[in-house]
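Engineer: Take a look at the letters that make up each chain.
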Amino acid sequence: MILKWLPLLLMLCCGVSAQTNSNQTEADSLDQSQDANVEAPMVRAPWSSKTLDAVKHWPLQHGGRVKPFDTFAGFIMLKVNGKRSLTVNHETLGPVAWTLDCMLYPEIARSYECIRVTNSEVLTNAGIDVSQRKRSSRWSFDDLLPALDQIFETAGQITETKESSTWSLVERQTVQLAQNIRAMEELFHAFDAARWTFPLTTVPELQAIYGTTPKPGFSPLIPGFIQLEELANTDALLNLPDERRIEVVNALQDLREQLLHQMQIARQGIAWFAPEQASTQEDAAPAVWSHSDVVVQNALLGSPVPLQAEALKNMEAMVAARDHRPLLQQQAVLVQEQLARLAAIHGQYGRVSLEVFFYRVDFFYHALICFTLAFIIACLSWLKPDAKLPSKGTWLMSLSGLILLISGITVRCIIQGRPPVTTLYETILFITACCVSTAMVIESLDRRKIALTMATLLGSIGCFLSMKYELKEAVTAGDTMPSLVAVLDTNFWLSTHVTSVTLGYSAGLLAAAIAHVWIIGKILGFRKDDKDFYKSITRMVYGTICFGLFFSIVGTILGGIWANYSWGRFWGWDPKENGALMICLAELIILHARMSGLVREHGFHLLVLVNGIIVAFSWWGVNLLNVGLHSYGFTDGIQQLLNWFYGVEGSLIALSLLIAWISSRTKPSSHRTISPSK
Amino acid sequence: MKKSIWLNTLERMGSQKVATVMMTLLLILTYLGTLEQAEHGLYRVQQTYFESWFLFHQFDSDWWFIPFEGWSFSIPLPGGLTCMIIFTINLLVGGILLLRLRKRTFGIFIIHVGIALMMSAGLVKLKASDEGYLQLWESQEAAEYISHHEWEVAVFETGKTSVDEHLVRMKRLAGNSELVIEPIAGLPFQLKLSGALPNCRALPVGPNWTPDSPAIDGWGLLKRPEVAENEQNLPGLTIDMIPSDSEDGPTQQALLWGGQNYPWTFEVADKSFSIALRKIRHSMPFSIRLDNFEKVDHPGISVAKEYRSDVTQRSEASQRKVRIEMNDPLRDQGLILFQSSWGPSNAAPGAELYSVFSVVRNPSDQWPLYSCIVIAIGMAITFVQKFLGYSKKQAKQHKEISQ
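Protein chains in written order, with this note's numbering: chain A, 1 to 678; chain B, 679 to 1081.
Hints are computed from structural coordinates only; laboratory data are not their basis.
One thing to keep in mind: the hints can contain errors.
[What the hints assert, rightly or not] In silico BS3-like pairs for lysine-lysine, Cα to Cα no more than 30 Å straight-line:
id	chain 1	residue 1	chain 2	residue 2
1	B	Lys-949	A	Lys-528
2	A	Lys-449	B	Lys-1077
3	B	Lys-1077	A	Lys-535
4	B	Lys-949	B	Lys-870
5	A	Lys-449	B	Lys-1071
6	A	Lys-531	B	Lys-1070
7	B	Lys-1074	A	Lys-392
8	A	Lys-50	A	Lys-79
Since the model is a prediction, treat every value here as computed from it, not as a measurement.
With these hints in hand, go ahead and build the complete structure from the sequences.
Structural biologist: Written out as structure tokens, the structure is:
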């Protein structure tokens, strides 16, 4: 950064050997910043809904994209707190209220027990007494304050000395805790400059520029920069009497150091300000938004940014008015309008409101409720199969869930301007929607309530998993709509290859889910004399496998063609490619084995279960290997869940085989009488 | 009528049972090969599992069913090449040649034709393609690309205006302790290559280590374990230069190492020659000059949004400007150039970057696309037929129930 008048001032300072009192370290300054808040009240009035609504709509640039403050706050809170709400003194804080508390009332927010520590061993290692707490509990910033140095030192050692793939669980949790504390510190300091009163009245020369009662923040400084430059001019300073010159130089240097320091802090904060001019070049890089320090820097460089400066002024005025709710609300609305106007210059505000709406409606949570209710009703309906009301209720709730799910996915597509599947999180949503809709189509043909019940179960599991995985995305990526790496930035291939492959996954999983009914039904002897019931299941599974095979093969080959366009080879035996190939092979084996008579109904369903395991391996398992080109899909911590799935499925297959073997020994001809369903 | 033994054999070769067994073996190979990549890297696994005739897979204590550390056992498996060849024969015989063409099997026939086309694309790629990379700084021009994995010994006479290179591919040394190169026309000597090490370091011989090669001029080769990322392996070997005429001097011996910056230079018959161990270079029928390279990050973070190269493609007859970017390669005269990477990875913001292109020569480049279309049509026909049949059956059943 080049500050126009600072080199001059520096030279001058050396020339006149001025005494400096500027040995203030960053830490001292931060302490001052905190001390300045000591006298502040320890309670605050509740936030008005209008204020929260205005702040929610503030646009900002974070993680490579423009998003509303609501999304930013939601994911920070999810990352630090593990959920999007916190109850403090009988008041339930949402993400925006919590974040505003952190930014405007850091002295109060420091005592909120909102830092989730899932393993107390992390804190024990840092020297904190955890005997009074549960293994997994929430701590306040103040609670952790004595151990901060230790936590950061340990986390630093881990990141510097080890590859992240080799971190132990405790090491990973230590690094995550350090990141969460850092995220909170960034919020606490986000408005430091707005609270900071710069030394503008130390000498009469400065008073002449800024008056005797300048307000805190960067904004009061900006209008006086031209006069300040004139004052700092070498000739002007040399014209002053010796005594005055030393005083003025000292005052200027003090101001310079405090300004630099606050600008340094502001640079770590949030990028609020879109550039005032849009690029007209065709290949122009995306606009980079500025932090508040750049607004000051531009003013110093003589290229002022009036719209940004105005927004900054109102933002700082809002901080100053934090205890006056009506004024604060007014300022929040004003800031929202000004930031929106800046974003609109680049056409980047249009989707901000839609994103706020998306998180407000919470489509997937409500879809989960619908599917869960539908599943309960479906289970009850099995007790009285002829009753029509439960069946209608199941249909209604399932359809509602599906509509919510598809609406949510569609809104996400509009916000991102991309096809529905680009990340692992989105695969969960898309696969759930595909499973449910396919099952409902099957139900409309079969009408035995088997597929519908499966739809409700898969819908519930899918929505539940998506919510759990959202938390994981918050911790690792800080967003579920991240910026894509260059190779993925192509809507054509995302909408053809990825969509086809995930449709193939959906069908494989749905087939496996329906096959469970056959296998478990046989084990439990459910409707053992109803051959039609079991034949109907076989037909459904067979059709679903055919449907899945179509999309798996087409999707896999399309993936190869995409790889040929991007990396120069159709097939590279990359783990993700191999996973897709395994699904194609497994489904081809199922069809050929059945047609050639190598397996009959029982074997067919067992193979479909194996195919379900292969789909899970391809979808999640290969990402755990941490090798290959498909690095955008890597994740961790899923292994345990996946092992459980493999174990349960393996045990079910083994149990089914065992029972079939025992049955064939007692009644040797019973299985041979089952002919393969055509 | 009794079938002939040939027809019987043919039918068995093309049976669905053989198809099922081959696909099951391919599935197992793919699964094991995928897991092995975590330890041995893609290149070695590809060669061992997918491009081999036969292999032994070792199960060790990483597997849940082996309870004790240090225990292991191996099982023999047919390699990917074996499985794919048998599978392709099975497909051609059973799925195309002997398939009775009817309305019901028409779609299946088309699917099999599509898969056969795709398998043949793979075979052509395996046998007739080569690939490498081309790294250029801005304003730099090149007309050859460098193999990712394959090495060669290049021999040429130094001090001449036009360099006539004689090349020996390292592959020829595979499995042999030594290789005597037959006399090359125009060269007054014969070469003997020996003691090839797939990954090694050339170091000055000292008291603390014993070289894995003869010590020559105070230097030796130290064998290193092969690393999973094959590009990082640096081979080495010993080379003997045997003059054709004994009057031209004695046999000279030297070490060649993949990491050395300069070739070995010697004199024989009053001429100066150089020998270098280097990655194979393939020439292109045109040259590429990098005019401009641009890497655009997502705002505020260091994730590349796109990177693109503006190049000039020059041949004797013509010259044209082309943009190569992710998902949009340059295709010309059987070669395809892809924007694959950039560097240096630790470059400071604003510093000059080089662009890396993957270069592929693949005669079957577009065949997978055609096969995809064929397979999709075949599957659509088959499954739509089946779906319509299923729907009719269900409707009939519901009608019967309601009556």
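Engineer: With reference to the structure, classify each hint as holding or not holding.
Structural biologist: Each hint, compared with the structure:
1. B/Lys-949 / A/Lys-528: Given pair B/Lys-949, A/Lys-528 is violated - Cα atoms ~92 Å apart, limit 30 Å.
2. A/Lys-449 / B/Lys-1077: 18 Å, holds
3. B/Lys-1077 / A/Lys-535: 18 Å, holds
4. B/Lys-949 / B/Lys-870: OK: B/Lys-949 and B/Lys-870 at ~19 Å, within 30 Å.
5. A/Lys-449 / B/Lys-1071: Between A/Lys-449 and B/Lys-1071 the Cα gap is close to 18 Å, so the pair holds against 30 Å.
6. A/Lys-531 / B/Lys-1070: 20 Å, holds
7. B/Lys-1074 / A/Lys-392: 23 Å, holds
8. A/Lys-50 / A/Lys-79: 26 Å, holds
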